[in-house]
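Engineer: Listed below, chain by chain, are the residues.
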Amino acid sequence: MNVLEHLNQTVVYPLQVGGIDLSITNGVISMWLAVLLVTLFFLLVSRRLKPVPGKLQNVAEVLVLFLRDEVAGQIEHDREVWLPFLITLFFFILASNLIGLVPGYSSATSNINVTAALALIVFFTVQGAGLVKHGFLGYLKSFLPEGVPLPIAIFMIPIEIVSTLAKPFSLAIRLFANMFAGHAVMLMLLSLIFFFKSYLILPLPVLGNTMILAFELFVAFIQAFIFTYLSSLYIATAVEGH
Amino acid sequence: MPPELRPADWLKGATLGVEMAAAVFLGAWIGYLADGWWRCTPWGLVLGVVVGATAGFWMAYKLAIK
Numbered sequence: 001m002n003v004l005e006h007l008n009q010t011v012v013y014p015l016q017v018g019g020i021d022l023s024i025t026n027g028v029i030s031m032w033l034a035v036l037l038v039t040l041f042f043l044l045v046s047r048r049l050k051p052v053p054g055k056l057q058n059v060a061e062v063l064v065l066f067l068r069d070e071v072a073g074q075i076e077h078d079r080e081v082w083l084p085f086l087i088t089l090f091f092f093i094l095a096s097n098l099i100g101l102v103p104g105y106s107s108a109t110s111n112i113n114v115t116a117a118l119a120l121i122v123f124f125t126v127q128g129a130g131l132v133k134h135g136f137l138g139y140l141k142s143f144l145p146e147g148v149p150l151p152i153a154i155f156m157i158p159i160e161i162v163s164t165l166a167k168p169f170s171l172a173i174r175l176f177a178n179m180f181a182g183h184a185v186m187l188m189l190l191s192l193i194f195f196f197k198s199y200l201i202l203p204l205p206v207l208g209n210t211m212i213l214a215f216e217l218f219v220a221f222i223q224a225f226i227f228t229y230l231s232s233l234y235i236a237t238a239v240e241g242h
Numbered sequence: 001m002p003p004e005l006r007p008a009d010w011l012k013g014a015t016l017g018v019e020m021a022a023a024v025f026l027g028a029w030i031g032y033l034a035d036g037w038w039r040c041t042p043w044g045l046v047l048g049v050v051v052g053a054t055a056g057f058w059m060a061y062k063l064a065i066k
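Chains D and S are the protein sequences, given in the same order.
Using my numbering, the first residue of the first sequence is number 1, and each one after it goes up by one.
Using my numbering, the first residue of the second sequence is number 1, and each one after it goes up by one.
Treat the hints as calculated values from the structure; they're not laboratory data.
Hints may contain errors.
Said to hold, decoys possible - Only part of the chain D face toward chain S is listed, based on derived beta-carbon distances under 7 Å:
no., residue
1, P158
2, V162
3, S163
4, L165
5, A166
6, S170
7, R174
8, Y229
Glycine included, C-beta positions come from ideal geometry on N, C-alpha and C.
One chain only, chain S, in its complex shape:
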């Protein structure tokens, strides 16, 4: 028996897309800043995108298992 959903519970899933995109952009931005600070272009940006994308999927996973 699936748990009872509140009428607005669909929002949690519907808003996840923006949160995933935000995580990727945020990771990329932090990575870009790190590139400037430590002069390690492009590895900061690459690592930032990977961390951001993983964070996005991690949020989706946490929501799915709730």
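Extracted from the complex, chain D is given alone in its bound form:
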């Protein structure tokens, strides 16, 4: 029995467009749900803004202020321009991570394709920002450290290209691995019941899963924060060039 089969994407509605497989899977539905939840949350919060915040407004304010000061705080100039992008990124990842904790639902971020797409969005945003800020020549010069002699420059260019590409690669892998690993451990513990077929083993999966579920709640927040924080760091490095 392969318990990890439960983490595979199941096709809910098969769809082919121009020879490309665009099937609606449970991961796609989970993403739609995340978008819907975030939209509903902010619609509810922004509909009745009060000087003394209520419960929902308080939660939103704490998170948004934290993102503005701690995450986007690394970007010295035009912070307000980047803030909506970072807030969207954070809340989408957080909602996706949290949906995965509800029994019967799958987390979109435990699929490498989703995290890779998110990392690619960040990568192209960062490169585009660097290109707009420094111009084409200035952008190309960022691949070559200052004052490097020509013989060493030949070696430095591929090294700089790999280090630039490694950033979105690590972003995608980190988020995917953390979310996937949590679900995999929970499934492994649950599978002990079917493996041993005994009531005696029951406390281990029940207690273990309760503890891991609590830890996963923490991981859901921390991974959304890390992804957004690093995106902000890469934007700051591209825009300010240090």
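We have chain D; now place chain S onto it with these hints.
Structural biologist: Chain S alone, transformed into the frame defined by chain D:
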């Protein structure tokens, strides 16, 4: 006097490990692909790992001197 650290600045160092590993894997993957294209097994992979590892250490160096 060391520069003032933001509460989340530790993350820059903490996440470096994954970035270094990612650089090595990425270099190895590009090298592996190059082996297939130019039929130069195993030199593409060897060069890819060397470039990837150097890129990883280069990222660590750049972070350290900031």
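Engineer: None of the hints should be skipped; say for each whether it holds.
Structural biologist: To see whether the hints hold, each was checked on the structure:
A cut of 7 Å between beta carbons decides the hint on P158 of chain D: the least distance to chain S is about 5 Å, and the hint holds. With 7 Å as the threshold, the beta carbon of V162 of chain D comes within range of chain S, its nearest partner Cβ sitting at about 4 Å, so the hint holds. Taking 7 Å as the C-beta contact cut-off toward chain S, the hint placing S163 of chain D at the interface holds, the least distance being around 4 Å. Below 7 Å, beta-carbon pairs count as interface contacts, and L165 of chain D has one with chain S at about 6 Å; its hint therefore holds.
Hint status for A166 of chain D: holds, given a least beta-carbon distance of 4 Å to chain S, under 7 Å. Checking S170 of chain D against chain S by beta carbon gives a least distance of about 4 Å; that is within 7 Å, so the hint holds. Checking R174 of chain D against chain S by beta carbon gives a least distance of about 5 Å; that is within 7 Å, so the hint holds. Because the closest C-beta pair between Y229 of chain D and chain S is about 6 Å apart, less than 7 Å, the hint holds.
The structure fails none of the hints (numbered hints given earlier).
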